[in-house]
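Colleague: As a plain string of letters, each chain reads:
Number of protein chains: 2
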Amino acid sequence: MPDQLLLAIQIANGYGPQPGSWRMPGVDPRSYTDMDVFARYAQAAERGKIQLVFLADTPALENDISRAVPNHSIDPLVVLTTMARATQRIGLVATASTTLNEPYTIARQFKALDVASHGRAGWNAVPTSLPAAAANYGIALPPRAQKYQRVHEVVQVVQALWGSWERDAWVLDAERRQFADTDKIRPVGLQGEHVAARGPLPIPPSEQGQPVVFQAGGGGNGLEVAARYADGVYANPFSIAEGRAHRDALRAAAVAVGRDPDEVKLFAGFMPSIAGSRREALDRRRRLDEVVDLDQRVGYLGSMLGLRLEPAQLDEPLTADQLAAARPSPGDPRAPHALQVAREGWTLRDVLAHGVIDYHPVVPGTAEDVADHMQAWFEAGACDGFSLAIDVYADGIDAFVDQVVPILQRRGLFHLDYEGPTLRENLGVPDQYGLDPRLTA
Amino acid sequence: MPDQLLLAIQIANGYGPQPGSWRMPGVDPRSYTDMDVFARYAQAAERGKIQLVFLADTPALENDISRAVPNHSIDPLVVLTTMARATQRIGLVATASTTLNEPYTIARQFKALDVASHGRAGWNAVPTSLPAAAANYGIALPPRAQKYQRVHEVVQVVQALWGSWERDAWVLDAERRQFADTDKIRPVGLQGEHVAARGPLPIPPSEQGQPVVFQAGGGGNGLEVAARYADGVYANPFSIAEGRAHRDALRAAAVAVGRDPDEVKLFAGFMPSIAGSRREALDRRRRLDEVVDLDQRVGYLGSMLGLRLEPAQLDEPLTADQLAAARPSPGDPRAPHALQVAREGWTLRDVLAHGVIDYHPVVPGTAEDVADHMQAWFEAGACDGFSLAIDVYADGIDAFVDQVVPILQRRGLFHLDYEGPTLRENLGVPDQYGLDPRLTA
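Residue numbers (the UniProt record's numbering), protein chains in the order written: chain A, 1 to 441; chain B, 1 to 441.
Honestly, the hints are just simulated from the structure, not real lab data.
Some hints could be false.
[Stated by the list, open to error] SDA-like cross-link-like pairs, simulated, lysine to any residue; straight-line CA separation at most 25 Å: (1) B/K49 - B/G26; (2) A/K184 - B/A135; (3) B/K184 - A/A68; (4) B/K184 - A/R67; (5) B/K184 - A/D28; (6) A/K49 - A/E368; (7) A/K184 - B/D64; (8) A/K184 - B/R30.
Kindly generate the complete structure, drawing on both the sequences and the hints.
Modeller: Structure, rendered in structure tokens:
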């Protein structure tokens, strides 16, 4: 097991992952378009020595924003370039779809971000699964197998383009009047079934050579992509057992293609809500829930617990009879935790405020509670680190940085400072330039 | 004729448009990848109240960089976002190919830049004519007619996406718990022969509504694109007569589609080399020419003048016999000016240092010389302004801003300050949001 955990922080829309984050105290409701806000959050995360900022992305208006914040940023490249200008060490990672983008565009934009940030960029290489995003590009989603075939092609073309300048091609010898050694800048000339590019890409190596590749989702297909190309994987386990199973499978898949399993780091999604006490944290989350349809959520909670629940019971706990009859639904991995919370006697409103049906594990509580959860997962081998989805960025990032990070550091679980200027150094992943030679041998 | 001229400044590769700019005194040879340098140049241009920075672009390594700088930047969006963070007023415009990009990507990235910069973005909408760029996208260039058909489709889809949120759709009413009025955010559902997008684009209007559209090149096809969609046109006339002809044609084409011709501004490409005297300016350009194959240029100069010239004559002027025999080639619009310079008695090396075979008119001389040239062109109706390709950015931008701008201002030819915070205000072009209703009526 690695000595210390790694931290990624999601700063997508400018508000936070909770739908009601835009209405919270201290939040500028126009944060979505205000790059000063994004710069400030990146600086706060860097103060906490967090390894990287991660912007998930889908090129579409994915969710209903009549009451809720949009899921994603206005544009990942604009946001990450803004953050690059405001920080010195933190890594800058975003999703770009392999289904909807051509590899030359991805290669150029992420490599430009990488040299602009002096070696801090990363690319989360994922296919698109949202039909609305495909429709924005005038196409229907291809079948899954074809989409994943294209992922492999796109990543290989992108990495080949990244390596199309030899490391010492940029000569800059003023006396000999030589700007570059063009014998060392060569086309890649790759032609796949789905994509192709001649190259070269006219960008020299960055301080880390080229951007780090990440992967997310996709089951067995995704695992194969991660094993072959990724140094970081964003995963969504709901329990330690799920996290261990995913991480073990990932490491085995990496070994199967000849890699050292320690090269591939699994980041588990995690949503802390930090306050002075669990009660205060629940009140914070109840305020966030004001834009949410709780009646519908009560119904869903019932289905998770094998009960028929009505909105009228929102401010009551489960009865003894209900608790006796409850059976966690085998179809929802969050169900056992929901039942455990319900057994503690909270009202249904508070059970929901615990985030039991959120899309990552939630810890509402003190900084110690949050640190305890992270330590337990990490020491059980459920992850190499966490991808933090902090409820409200405006005060939540500071709370994490100022309260949780020092606890993790005191416990020896988190680094005291950045290891170096590049993302590769700070993740502890190996140098890479161009295609991985192990994959082309 | 408009009262005052407009200025765009090209800051493409970080060095300057001259191949040898990377070797000049005070130039950091690593400027190509150093965003601090780009930020500084944008700030200098803003000090001079220049209306906009323009980054031409082709997604390929277009030129031989063994001795010369690359033609373009590492990535226009990364560079312009960097500049947006470093400035408050100057406009930020770049080329994005309508041949190689999907409209959703262009719409999103330029609109994101537009809101991030508080209404200062512009998009130069041009098809790609370089086969190597198409090969980077795995395609062959389509026939010209088809490429221009696609330009129309892409611009219309992009502008429709830009307008897919009604101006007041972003409600942000915390009390009523309403983030956005989703009845006012609608798909665009456009389907052309070449491109399509469903939308909506999840970005609210910027302070100027949406980015300004620019156009460049393309002859009659390009003129039609400019007349229908553009507020600014980048042109390359070599003489006042050529500039007037282009501008008159552009204005007539705008009128023909029902627009006010003053909505479309023609920027003439112009390369000043500013020094204490013409001799000093020529020496500056001779140093720039050290990386250039002058033997080959002498031969080309001869073909422009209807003479057979040899490299041995490089440091001699034309003889009386040669001058008597010289006939400007009708195939090169730069030839009359080349002959005029040669008649002044300069050596061939100095004739070439005058930039007579450069791709824009060159004025090597004092700030007064440069201002005189600009005044003459502007007052003759050859342009609405200039797109400055200043020989070496490192000291040339400051020289232009500190020496030429005050002369133009004293002569009443250039504004004393920005008219407002948006690019539209500073260009004096009308508000636009979504598709131009005159085109869809």
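Colleague: Now tell me if each hint is right for this structure.
Modeller: Quick rundown of the hints versus the structure:
At roughly 24 Å between alpha-carbon atoms, B/K49 and B/G26 fall within 25 Å of each other, so this suggested pair holds. In summary, the hint linking A/K184 to B/A135 is supported, as the alpha carbons are separated by about 20 Å, within the 25 Å threshold. With a CA separation close to 16 Å, the supplied pair B/K184 and A/A68 stays within the 25 Å bound. Simply put, B/K184 and A/R67 have alpha-carbon atoms about 14 Å apart, close enough for the 25 Å limit, and the pair holds.
For a cut-off of 25 Å, the pair hint linking B/K184 to A/D28 stands: about 22 Å separates their Cα positions. Only pairs whose Cα atoms come within 25 Å are accepted, and A/K49 paired with A/E368 is accepted, the gap being roughly 19 Å. As the CA atoms of A/K184 and B/D64 are separated by approximately 13 Å, the hinted pair is consistent with the 25 Å bound. Annotation: proposed proximity of A/K184 to B/R30 holds, straight-line Cα distance about 18 Å (limit 25 Å).
Hint check: no violations occur; every hint is consistent with the structure.
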